[in-house]
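All chains should be built: construct the whole structure from the sequences, respecting the hints.
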Amino acid sequence: MEGPFRRLEAVLFPVTTILMIVCLYRVFLVVPNEVTMGVVQRIFYFHVPSAWVSFLAFFVVFLGSILFLWTRKAFWDVLAHAAAELGVVFCGIVLLTGPIWARPVWGTWWTWEARLTTTLVLELVYVAYLLLRGQAQNRAQEARLAAILGIVGFLDVPIIYFSVKLWRGHHPIVFKTGGGEGLAPVMLVTFMLCMLTFTLLFVLLLIQRLRLGMLRDELAGLLEREQLLEG
Amino acid sequence: MFLVCGKDLRLELRTRESLAAAFFFAVLVQLVFSFAFQFQELSLRFEDVGAGLIWITLTFSAILSLQNSFLIERERDCLQALALCPADASAIFLGKLAANVVLILTVQAIILPLSVVLFGYHLSSAVLPVAAVVVVNTVGFSALGTLFAAVTVRTRRSELLLPLLLFPAATPLVIWGVKATRLCLAERSLDSYGYLLVLSACFDAIFIVAGILLFDYILEE
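Taken in order, these protein sequences are the chains called F and W. Residues 3 to 233 in this note's numbering are what the first sequence lists, from first letter to last. Residues 737 to 957 in this note's numbering are what the second sequence lists, from first letter to last.
Just so you know, the hints here were simulated from the structure itself, not pulled from any lab data. Each statement offered as a hint is correct.
Across the chosen pairs, the derived CB separations fall in these ranges:
1. F/M22 / W/C814: 47 to 57 Å
2. W/R893 / F/L224: 21 to 31 Å
3. W/R893 / F/F77: 27 to 37 Å
4. F/I68 / W/F760: 37 to 47 Å
5. F/R227 / W/V871: 52 to 62 Å
6. W/E753 / F/M197: 52 to 62 Å
Footprint (simulated), chain F over chain W, 3 or more residues, beta carbon under 8 Å:
7. 877-888
8. 902-916
9. 937-946
For clarity, every value in this text was computed on a predicted model and none was experimentally measured. Here a beta-carbon is modelled for each residue, glycine too, at the ideal position from N, C-alpha and C.
Encoded structure:
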């Protein structure tokens, strides 16, 4: 497993770095100011990709959890753990950048609106997931219990979104989906580029975290064997 | 399934530990609530905030019962024994769930009339609808709670983890429960909140099925 990951990483790292620089250049120097929202609208080039990546990450947690319970291969568990950590980080970025935008545009840092609330609850669910991992008594238990929570938590996500939506109003659609009318081509290109870059960044970090996790398991195994030999 | 449920209920009947704790905790919550909202001074109508009171009390006191339902199994490795018994894991889950629902509803049955006395609102005309809402949502809360209590019980700091897992995951139930209860208290017709009951019932079904499917993995060790 180690070889292909390392090669992929060797390719991804320079590509992501260059793309990230291009993104920053376009976001700050190429794209014009949005007419009504002004300069602060530029935060959306990072806000939306982060949101997308965090949802992707939580989906990977879900998949990893199912595959772990099915196959019992430690790899899937390490993958779910890695994705959960990244999901929490990117979800945190979403929760940080959102209020920065909302303050000047909506006039308030926070409102209890469907997507905001769902994102917050989502962050809480996966922080609890990481806490659960930290409190498990041994590695096997940790993997098993976390997998259960990874599945139940993800099943809950659409229900939470639906319930909060029923409770409170609507999110502003800043980037129109489908057709992209209302979004200048130069903005659309930059936006898509940012989406791509963040996705690659996610994959890159995921691979690194995955390799770290597997090395850590390997180390724990070696230490255990050494203890057995000594004792 | 009935054996597990019966065993838990018998144990509770003999010790009354969990019921007493949950009951007094619920009273305390109501006390804090009345201080926090100062009904008389602010001349709030109970119908406006009462649904919130009912659900804060319910969720917080239910956590205690759920916590206890697996803590009693941790002593002397009873959980191991449960897992070894030649029954399906799903039967153990359903038994535990049934016992929890009965216990939580018992506490509610005492607490709700008490809140009528303490806050002087009119429940009598809305008692059946409110009871229906409470029952439907308690089943879902217990299903998630039983699942998560079993997940957390063998970790360190299980008392801390259960609320952290359960509260965010149970958000939909709290939202629907509060909304339906408020409509009941306002004596609206069934049409206005019936869909909320259906939604909660769907939630119940999803997580009971999830529990049945996943409980196997929790018990193995």
